[in-house]
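Novice: So you can see what is in the structure, the chains are spelled out below.
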Amino acid sequence: MSNLKLLSIVKKYGRVIAVDNLNLEVKDGELVTLLGPSGCGKTTTLRIISGFLSPDRGDIYINDRKITDIPPEKRGIGLVFQNYALWPHMTVFQNLAFGLQMRKTPRDEIVERVKQGLKTVRLEEYEKRYPRELSGGQQQRVALARALVLEPDILLLDEPLSNLDALLREKMRFEIARIHRESGVTTIYVTHDQTEAMVISDRIVILNKGKVMQEGKPKEIYEKPANKFVASFMGNTSFIEGIVKEIDGNYTILETADGLTIHGIGNGIKRGDRAVIAVRPENVQFLPTSKNDSREGYFNIFSAKVERESYIGEVFDYQLKIKNWSIRAKSSVANEKPRGSEVKIYLDPDKMPILIE
Amino acid sequence: MRSILINRKRILILTLEILLLLFSLLLIFGPMTSLVLWSIADKWFWPNPVPQSIGLDYWKQALGIQKSLAIGAVSIVPAFFLSLMIAVITVVIAMAIAIPAGYALAKYKIPFGTFILFLFLMPNAFPQQPIFVNLLDTFTKIGLAGTVPGVIIVHILVGLVFGVWITSATFKSIPVQLEEAARSVGANSLKTFFRISLPLAAPGLLASSVFVFITSLDEFTGTFFIGLPFVITLPMTLYSSSGYNMQFASVIAIILLIPSILFMTLIQRVLKAEYVGGMG
Chain A
3 MSNLKLLSIV KKYGRVIAVD NLNLEVKDGE LVTLLGPSGC GKTTTLRIIS
53 GFLSPDRGDI YINDRKITDI PPEKRGIGLV FQNYALWPHM TVFQNLAFGL
103 QMRKTPRDEI VERVKQGLKT VRLEEYEKRY PRELSGGQQQ RVALARALVL
153 EPDILLLDEP LSNLDALLRE KMRFEIARIH RESGVTTIYV THDQTEAMVI
203 SDRIVILNKG KVMQEGKPKE IYEKPANKFV ASFMGNTSFI EGIVKEIDGN
253 YTILETADGL TIHGIGNGIK RGDRAVIAVR PENVQFLPTS KNDSREGYFN
303 IFSAKVERES YIGEVFDYQL KIKNWSIRAK SSVANEKPRG SEVKIYLDPD
353 KMPILIE
Chain B
599 MRSILINRKR ILILTLEILL LLFSLLLIFG PMTSLVLWSI ADKWFWPNPV
649 PQSIGLDYWK QALGIQKSLA IGAVSIVPAF FLSLMIAVIT VVIAMAIAIP
699 AGYALAKYKI PFGTFILFLF LMPNAFPQQP IFVNLLDTFT KIGLAGTVPG
749 VIIVHILVGL VFGVWITSAT FKSIPVQLEE AARSVGANSL KTFFRISLPL
799 AAPGLLASSV FVFITSLDEF TGTFFIGLPF VITLPMTLYS SSGYNMQFAS
849 VIAIILLIPS ILFMTLIQRV LKAEYVGGMG
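Residue numbers (the numbering used here), protein chains in the order written: chain A, 3 to 359; chain B, 599 to 878.
One or more hints might be untrue.
Cβ pair distances, simulated, as ranges [unchecked claim]: (1) Ser-787/B / Glu-184/A: 31 to 39 Å; (2) Thr-197/A / Thr-712/B: 39 to 47 Å; (3) Pro-108/A / Ile-856/B: 48 to 56 Å; (4) His-91/A / Thr-712/B: 23 to 31 Å.
Mimicking DSS-like on lysine-lysine, the simulated pairs with C-alpha atoms at most 25 Å apart in a straight line are [unchecked claim]: (5) Lys-226/A / Lys-211/A; (6) Lys-106/A / Lys-789/B; (7) Lys-7/A / Lys-76/A; (8) Lys-353/A / Lys-339/A; (9) Lys-76/A / Lys-705/B; (10) Lys-325/A / Lys-339/A; (11) Lys-226/A / Lys-272/A; (12) Lys-789/B / Lys-130/A; (13) Lys-106/A / Lys-121/A; (14) Lys-221/A / Lys-7/A; (15) Lys-221/A / Lys-332/A; (16) Lys-705/B / Lys-770/B; (17) Lys-705/B / Lys-789/B; (18) Lys-707/B / Lys-14/A; (19) Lys-76/A / Lys-789/B; (20) Lys-353/A / Lys-226/A; (21) Lys-705/B / Lys-14/A; (22) Lys-68/A / Lys-29/A.
Source of the hints: derived by calculation from the structure; they are not laboratory data.
Every residue, glycine too, gets a C-beta built ideally from N, C-alpha and C.
Work out the full structure: start from the sequences and follow the hints.
Specialist: Spelled out as structure tokens, the structure:
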């Protein structure tokens, strides 16, 4: 039963603000991901929570107990590092037992709990091995077990999968999600990989330049990005820039300098604002190109030219040109649009967020 | 025709390779062969390529088994034990300084850290004679000249560069996450040092003690100025006999060589390349 609270955390390195007035609350049993590009402050935040950095301002609470000035070893926080950080001079058993020894746990209980811990990560057979005798994925599972065996209040994972190859990474995502579900430990997960964040998180916090850009459930963030940064970070988003011409009922209408008018969903945006419309490949629909299309003249139907086409297996990936704007799109393999061809596309206005730049 | 040509070429290359190998072996082992020959030569006069008569007289004399005034060699047993004692004490004190200093230099941002590392290099960077002449002056004033403690201090000064540099490189090569992981599972910084950092650094620390040990065992200049005429270490006996008594000098040289070879073999066993690679 543990929750974590960060209140107005500020951390500066010289003149660079790494974490800028960060507030965060993680509820008991929740898995929250800090997502952002490198240098966004996510690792700094993690180091502040774990106690290896002290914030310039602000406080940290676990279960309403202030831990800002408590040294790392007394915080009850489990840590998993990107490079696993297993102790190479100890066997898997000794790696897991070390923390229990520090707590002066009786010998038979240590044996029991280490066994249980290895079972959780499905590595029962490996307790006598040294870390160098394990694969990367196995090492990371040992690192996870080493943190979990102490039943920490909070578990922090710092890019735990980025040293693994793509296939293993995908498997481990589900593995981590499963372990989190089974152990129910309150978890903060740091990554720069949006797919990883979407798969495992209850909630995602998107950071940029030390500030929270948006937080919410993966679906919310993907479908309703709060600003251009979030939209560009989540998914393969193209942007069309313009000025808000008018707000008409549910729809906001954006007009570009080269004369396109596009309908979309604006959120707290006013007439005359400079804004962008975020177009995701899956929301670009190709229309049949027969000459007398009954939908001619309907809004959000545009002529486009296929600039680039690439076959990526399950779909075709395109770069289309509408007037001066490049957007990404995709089609089924059966429905190929060759390079240079003229196409008609429909941008579903309900799925086109209009955002302040 | 062509195959014969190729064969000839191959034979030529092979011959050259063998010659080169023999030449390098000669470069490496030549001087040592001569040392061994000299140490067992009872009589060896120019222009004979090998000694006229051989025997273990000088060895016996040096090891204190035999006493004969005729061949001018003295027992080196006291000097050997003195050298050994000085070396052991030097290692203990130098490492007691080097481990904390090396750890601090590796793990904390110390103002002028590089400069401090450079300071340890000083006694080895300058010509040693002027340094020790000046030191003799100081040591004479405070009564350390001609004493074993004085010589030990000089050896520590000279050896500390290996101690601190290798130690700090070793600690630097240990990823900080290994220590942070220990802290996160409840070990305080002292326990983290003794249970994680120190065992991981052990090979490097051993290597650095061996360097300090060998440096002390072979140290000449400082001992010459500070120690003589009262403190006579093994290199001192070697020096005093090298001018006139080649046999005796060779015996001492071989004895000085033994610990070096032993320890170098030991280092090679335990030392990983990255510790040396991480230096500087």
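Novice: Checking one constraint from the list: CA of Lys-221/A to CA of Lys-332/A, max 25 Å. Satisfied?
Specialist: OK: Lys-221/A and Lys-332/A at ~21 Å, within 25 Å.
Novice: For the pair supplied as a hint, Lys-226/A and Lys-211/A, confirm whether the alpha-carbon distance does not exceed 25 Å.
Specialist: holds, 21 Å
Novice: Does the structure keep Lys-76/A and Lys-705/B at a Cα separation of 25 Å or less?
Specialist: Distance ~22 Å between Lys-76/A and Lys-705/B Cα, so the pair holds.
Novice: Could you see if the CB distance from Thr-197/A to Thr-712/B stays within 39 to 47 Å?
Specialist: Since the Cβ atoms of Thr-197/A and Thr-712/B sit about 44 Å apart, the hinted range of 39 to 47 Å holds.
Novice: Compare the distance between the alpha carbons of Lys-221/A and Lys-7/A with 25 Å, and conclude whether the hinted pair is satisfied.
Specialist: holds, 24 Å
Novice: Given the hinted pair Lys-226/A and Lys-272/A, is their Cα-Cα distance within 25 Å?
Specialist: The given pair, whose Cα atoms are some 18 Å apart, holds under the 25 Å limit.
Novice: Hint check: Lys-707/B vs Lys-14/A, CA-CA at most 25 Å. Holds or violated?
Specialist: Holds - the C-alpha atoms of Lys-14/A and Lys-707/B are around 17 Å apart, at most 25 Å.
Novice: Within a Cα-Cα threshold of 25 Å, do Lys-353/A and Lys-339/A meet the stated pairing?
Specialist: At roughly 23 Å apart (the allowed maximum being 25 Å), Lys-339/A and Lys-353/A satisfy the hint.
Novice: Indicate whether the distance between the beta carbons of Pro-108/A and Ile-856/B respects the range 48 to 56 Å.
Specialist: Hint holds: Cβ distance 50 Å, inside 48 to 56 Å.
Novice: Has the given pair, Lys-705/B with Lys-14/A, been kept, meaning a C-alpha gap of at most 25 Å?
Specialist: At roughly 21 Å apart (the allowed maximum being 25 Å), Lys-14/A and Lys-705/B satisfy the hint.
Novice: Holds or violated: are the alpha carbons of Lys-7/A and Lys-76/A at most 25 Å from each other?
Specialist: Cα-Cα ~17 Å, so holds.
Novice: Honestly, do His-91/A and Thr-712/B meet the 23 to 31 Å range at C-beta?
Specialist: holds, 30 Å
The earlier numbered hints are all upheld by this structure, with none contradicted.
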